[in-house]
Amino acid sequence: MSGILTYALHYQGAFNKNSLGAVSEGARLAQQLGVESAAVVVGGDDVTEEMCASLGQYGAQKVFRANAPEGLGAPVVDVMATLIQERGYRYALFGGGLLGFEIGAGLTARLRAGVTMEVTRVKVQDGKLVAERPILQDSAIVDSGYVNEPGIIIGRLNAFEISPAADGASAEVETLDVQLSEWSTKARMVQRGEQRGEQVNIEDADVLVAGGRGLGKAEGFEMAEELAEALGGAVAATRAVVDAGWYSYSAQIGQTGKTVAPKLYLAAGISGAIQHKVGMQASENIVAINKDPNAPIFEFSDLGVVGDLNKILPKLTAAVKAAKGG
Amino acid sequence: MKICVLVKEVPDAAVEKRMDPNTKRIDRSGEKNLNPFDTHAIEAAMQVKEGGIVDVDEVVAVTMGPETAVRALHKAVSLGADRSVHLTDPSLAGSDCCATGYALARVLEQEAPDLVLLGQQSDDGECYTMGAIIADHLRMPSLTQVIKMDVQEGSLRCERQAEYGYDTVEIDLPAVISVGDAINEPRYPSLKAIMGAKKKPLESKSTADAAIETDRVGEPGSQTAVLAINPPPAKQAGEIIEDEDTDETIQKIMSWMDERKLLA
Chain A
1 MSGILTYALH YQGAFNKNSL GAVSEGARLA QQLGVESAAV VVGGDDVTEE
51 MCASLGQYGA QKVFRANAPE GLGAPVVDVM ATLIQERGYR YALFGGGLLG
101 FEIGAGLTAR LRAGVTMEVT RVKVQDGKLV AERPILQDSA IVDSGYVNEP
151 GIIIGRLNAF EISPAADGAS AEVETLDVQL SEWSTKARMV QRGEQRGEQV
201 NIEDADVLVA GGRGLGKAEG FEMAEELAEA LGGAVAATRA VVDAGWYSYS
251 AQIGQTGKTV APKLYLAAGI SGAIQHKVGM QASENIVAIN KDPNAPIFEF
301 SDLGVVGDLN KILPKLTAAV KAAKGG
Chain B
1 MKICVLVKEV PDAAVEKRMD PNTKRIDRSG EKNLNPFDTH AIEAAMQVKE
51 GGIVDVDEVV AVTMGPETAV RALHKAVSLG ADRSVHLTDP SLAGSDCCAT
101 GYALARVLEQ EAPDLVLLGQ QSDDGECYTM GAIIADHLRM PSLTQVIKMD
151 VQEGSLRCER QAEYGYDTVE IDLPAVISVG DAINEPRYPS LKAIMGAKKK
201 PLESKSTADA AIETDRVGEP GSQTAVLAIN PPPAKQAGEI IEDEDTDETI
251 QKIMSWMDER KLLA
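Residue numbers (my numbering), protein chains in the order written: chain A, 1 to 326; chain B, 1 to 264.
Hints were generated in silico from the structure; no laboratory data involved.
Any given hint could turn out to be false.
[Said to hold, decoys possible] Some chain A residues judged to face chain B by a derived CB distance under 8 Å, without partners named: (1) Gly71; (2) Ser144; (3) Tyr146; (4) Val147; (5) Ala187; (6) Met189; (7) Ser301; (8) Ala319.
[Said to hold, decoys possible] Listed below are several chain B residues computed to face chain A (Cβ distance under 8 Å; list not exhaustive): (9) Cys97; (10) Gln161; (11) Ser222; (12) Ser255; (13) Leu263.
Just so it is clear, CB atoms sit at the ideal spot from N, CA and C, and this is done for glycine as well.
Kindly produce the complete structure, drawing on both the sequences and the hints.
Printed below as a string of structure tokens:
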């Protein structure tokens with residue numbers, strides 16, 4: 001019986017970690033519902049049969065390989081809507097990420113299907129799926145149920161854990177020919193995955209000093225760099241400052257950036273939007289410095305300092321250097 | 001060229017937002033404001049209009065919401081929109097994303113714009129999905145979280161950050177574009193524009209006027225249902241230091257870090 005259809009995003013021959021988490025989650029839920037778990041992989045010649053079959057290791061029983069442009073939402077909507085309509089899948093599942101939102105939204109319109117986004121947990125109630133979604137800056141969690149099927153579930157970044165099902169397990173692969181809708185071909189990828197700014201490695205650092213808009217200007221990052229150097233760590237950044245061109249994309253934390261869990265995460269001038277929180281909340285110790293006492297980051301920091309970065313950061317750097325004997 | 005900008009009235013940022021346990025909807029009483037993300041969409045429309053590359057005949061602000069939502073339209077007009085359309089009907093209350101997207105798409109169909117602009121998210125519901133839902137109803141290409149948009153005759157060249165870096169996408173018009181807040185710095189309305197906003201044409205439409213099937217909207221027409229509202233798992237509140245004497249603050253931070261062996 002058709003059950004759950006999960007979208008598996010890939011780039012340069014590797015599946016996205018959030019997508020693998022979603023495939024694992026789909027398999028877990030399908031097992032509970034007693035239905036089939038399937039995955040969809042969209043792309044050109046770069047999508048090999050072997051690659052698709054490997055999703056079996058994460059619990060997918062069936063994998064559909066569709067020849068359509070990858071990286072944009074609408075072509076995947078065409079593929080998944082066709083599969084849901086023709087094969088009766090009951091739920092479409094997406095890991096955290098921008099494309100999942102766009103595809104899930106398109107399916108909502110196309111199939112008149114209920115959609116829940118930023119989902120942190122999915123459970124089975126009376127043979128149906130219920131999605132848990134934190135709302136209003138995570139101050140409450142809503143249980144969202146589906147009036148009809150299909151239902152669309154879009155996960156929050158890192159919400160679904162990757163759990164290898166069986167070593168060497170292989171999914172059955174079916175290649176599809178899908179007719180793209182006319183408007184799907186009206187958006188064309190000119191360049192994908194451009195890296196802006198220098199390449200830095202923040203994922204292996206024990207200490208991260210992360211800077212946000214509160215640093216005031218690109219030059220404000222010098223203070224963050226000095227503190228990071230004193231602490232023996234690296235510098236990270238929020239999406240807002242990366243989009244503004246103040247810092248490198250490769251140092252970005254959160255949705256469409258990196259996920260980190262250092263021993264110390266020191267957030268300087270970061271308000272703490274959900275999109276940032278999801279990339280760093282697993283850090284062991286979170287210190288936040290922000291001049292706005294109402295900044296959401298104080299809701300999930302272990303130590304919060306309400307004050308002026310320009311006064312605090314240089315003195316903190318000097319104190320750390322002195323303590324470390326340098 | 002005609003541009004429609006979708007706007008929304010949301011609770012003011014300073015208002016503590018909560019769920020109404022009876023209606024299971026966001027409590028939207030209290031001070032309200034134009035959704036801050038929408039000001040970037042209006043600014044993007046104005047930059048296209050003023051940019052001189054294409055001729056823009058008009059910029060139309062469109063909203064769906066109760067009577068008070070006209071204030072969001074007035075604000076949009078004070079920021080440069082030429083006129084506005086207010087979809088309002090008691091039967092729309094309680095619409096989920098699926099129902100709201102359908103209803104707004106019907107209004108937009110009547111307007112037949114060449115470009116629909118909206119903010120990447122609302123400050124209250126934070127669903128991030130409205131642009132792509134509306135685009136599929138309108139059978140238009142779309143892109144969300146756009147931070148750079150160059151308009152050409154008949155098409156757009158857009159940039160946005162996605163999972164693997166920055167993507168550049170070329171899109172034929174008509175199209176639906178949701179913009180990120182990095183796309184521009186919205187202007188402040190002039191006093192004259194604020195005073196004049198109420199004089200610009202504002203059309204109020206019911207569901208019947210917009211040919212909306214009422215069984216597809218409101219709470220009865222929604223496809224999701226709030227089954228329960230629960231508090232988040234309890235988390236121990238962090239320590240807070242108000243910086244008054246910075247030397248003392250530094251000492252406190254240092255000993256806090258030292259206790260946790262973070263200075264080793």
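How the hints compare with the structure:
1. Satisfaction of the interface hint for glycine 71/A is found here, the shortest Cβ-Cβ separation to chain B being roughly 7 Å, below the 8 Å cut-off.
2. Interface restraint check for serine 144/A: the shortest CB-CB distance to chain B comes to about 5 Å, inside 8 Å, so the restraint holds.
3. Taking 8 Å as the C-beta cut-off, the interface hint given for tyrosine 146/A holds, the closest approach to chain B being about 6 Å.
4. A cut of 8 Å between beta carbons decides the hint on valine 147/A: the least distance to chain B is about 5 Å, and the hint holds.
5. For the restraint placing alanine 187/A at the interface with chain B, the shortest Cβ-Cβ distance is roughly 4 Å, inside the 8 Å limit, so the hint holds.
6. Because the smallest distance between the Cβ of methionine 189/A and any Cβ of chain B comes to about 6 Å, under 8 Å, the interface hint for this residue holds.
7. Contact between serine 301/A and chain B, as hinted, is supported at the beta carbon level, the nearest pair being about 5 Å apart and thus within 8 Å.
8. A hinted interface residue such as alanine 319/A counts as satisfied when its beta carbon comes closer than 8 Å to some beta carbon of chain B; here the least separation is about 5 Å, so the hint holds.
9. The beta carbon of cysteine 97/B is positioned within 8 Å of a beta carbon in chain A (closest approach about 6 Å), and the interface hint is therefore held.
10. The beta carbon of glutamine 161/B comes within 5 Å of a beta carbon in chain A, closer than 8 Å, and the hint placing it at the interface holds.
11. Checking serine 222/B against chain A by beta carbon gives a least distance of about 7 Å; that is within 8 Å, so the hint holds.
12. Residue-level restraint check for serine 255/B is violated (minimum Cβ-Cβ distance to chain A is 10 Å; threshold 8 Å).
13. Below 8 Å, beta-carbon pairs count as interface contacts, and leucine 263/B has one with chain A at about 5 Å; its hint therefore holds.
Checked against the numbered hints above, the structure violates only hint 12.
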